[in-house]
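*Asks:* One letter stands for each residue in the lines below.
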Amino acid sequence: TQLLEQSPQFLSIQEGENLTVYCNSSSVFSSLQWYRQEPGEGPVLLVTVVTGGEVKKLKRLTFQFGDARKDSSLHITAAQPGDTGLYLCAEGGGGADGLTFGKGTHLIIQP
Amino acid sequence: EAQVTQNPRYLITVTGKKLTVTCSQNMNHEYMSWYRQDPGLGLRQIYYSMNVEVTDKGDVPEGYKVSRKEKRNFPLILESPSPNQTSLYFCASRSPTGNYGYTFGSGTRLTVV
Numbered sequence: 039t040q041l042l043e044q045s046p047q048f049l050s051i052q053e054g055e056n057l058t059v060y061c062n063s064s065s066v067f068s069s070l071q072w073y074r075q076e077p078g079e080g081p082v083l084l085v086t087v088v089t090g091g092e093v094k095k096l097k098r099l100t101f102q103f104g105d106a107r108k109d110s111s112l113h114i115t116a117a118q119p120g121d122t123g124l125y126l127c128a129e130g131g132g133g134a135d136g137l138t139f140g141k142g143t144h145l146i147i148q149p
Numbered sequence: 045e046a047q048v049t050q051n052p053r054y055l056i057t058v059t060g061k062k063l064t065v066t067c068s069q070n071m072n073h074e075y076m077s078w079y080r081q082d083p084g085l086g087l088r089q090i091y092y093s094m095n096v097e098v099t100d101k102g103d104v105p106e107g108y109k110v111s112r113k114e115k116r117n118f119p120l121i122l123e124s125p126s127p128n129q130t131s132l133y134f135c136a137s138r139s140p141t142g143n144y145g146y147t148f149g150s151g152t153r154l155t156v157v
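Heads up: the sequence lines are chains A and B, in that order. Residues in the first sequence are numbered consecutively from 39, following this note's numbering. Residues in the second sequence are numbered consecutively from 45, following this note's numbering.
These are calculated hints, taken from the structure and not from any lab test. Note that the structure is predicted; figures quoted are calculated from it, not measured. All residues carry an ideal CB built from backbone N, CA and C; glycine is no exception. Check the hints yourself; a few may be wrong.
[Stated by the list, open to error] From chain A, some residues computed to sit far from chain B (all C-beta separations above 12 angstroms):
#1 Gln-47
#2 Ser-63
#3 Thr-86
#4 Val-88
#5 Gly-104
#6 Asp-105
#7 Gln-118
#8 Pro-119
#9 Asp-121
#10 Gly-136
#11 Leu-137
[As the list claims (entries may be wrong)] Calculated Cβ distances over 12 angstroms to all of chain B for the following chain A residues:
#12 Glu-53
#13 Asn-56
#14 Leu-70
#15 Gln-75
#16 Leu-83
#17 Ala-106
#18 Thr-115
#19 Leu-124
#20 Ala-128
#21 Gly-130
#22 Thr-138
#23 Gly-142
#24 Gln-148
[Said to hold, decoys possible] With the C-beta cut set under 7 angstroms, the calculated list includes, among others, these residues of chain B facing chain A:
#25 Thr-130
#26 Gly-142
#27 Gly-151
#28 Thr-155
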């Protein structure tokens, strides 16, 4: 089973600041997904990246997939309190055998 | 609305009393999975299913059973629950095509005393 390491584990910043969180593996990702989970709810898919070097944007969120497909980052510009949550990266999904998740980054955006 | 529905949302039970957590999806998805989420351990897969009558073990299957008799339903069965199965459980589904993303249910918080 591939191990995914996410950093930082916890991050608390002020509204309006920028931040980056990371997801790394010693093995090559077949594909990588980012999810956001709010307390009391299931994870919600933000993006899937497949191609090395790929960059995807979702409003103030920018996702990068490393050229070697062994790392990924999520950058949030001008963070807002509504961005608060647990951000999870997950590998797999190409087949029926589900996903392997990192342990996540707990993000708190303070007003 | 496209969704995965789990029941119950909360359950407190006693050691050894068989229970079933139901999962149903209305998106005609072939693939379905069960996960448990624990502090410090993250989300770990229990079982997954490729289609009706096709299931397989994930990373932490001990103490659990599943069945897939209909495409829309994927119940999780605990024949003899133990306190170490106290956890937050999620069911998820996806189509074999598309963006690989799973749709998750809202979770079932299980406490075994």
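*Asks:* Hints first: check each against the structure and report whether it holds.
*Replies:* Hint-by-hint comparison with the structure:
no.	hint	verdict
1	Gln-47	violated, 10 angstroms
2	Ser-63	holds, 14 angstroms
3	Thr-86	violated, 5 angstroms
4	Val-88	violated, 8 angstroms
5	Gly-104	holds, 18 angstroms
6	Asp-105	holds, 20 angstroms
7	Gln-118	holds, 23 angstroms
8	Pro-119	holds, 22 angstroms
9	Asp-121	holds, 19 angstroms
10	Gly-136	violated, 4 angstroms
11	Leu-137	violated, 7 angstroms
12	Glu-53	holds, 27 angstroms
13	Asn-56	holds, 26 angstroms
14	Leu-70	violated, 9 angstroms
15	Gln-75	violated, 8 angstroms
16	Leu-83	violated, 4 angstroms
17	Ala-106	holds, 20 angstroms
18	Thr-115	holds, 23 angstroms
19	Leu-124	violated, 10 angstroms
20	Ala-128	violated, 8 angstroms
21	Gly-130	violated, 8 angstroms
22	Thr-138	violated, 8 angstroms
23	Gly-142	violated, 6 angstroms
24	Gln-148	holds, 23 angstroms
25	Thr-130	violated, 17 angstroms
26	Gly-142	violated, 9 angstroms
27	Gly-151	holds, 6 angstroms
28	Thr-155	violated, 15 angstroms
In this structure, the hints that do not hold are numbers 1, 3, 4, 10, 11, 14, 15, 16, 19, 20, 21, 22, 23, 25, 26, 28, in rising order.
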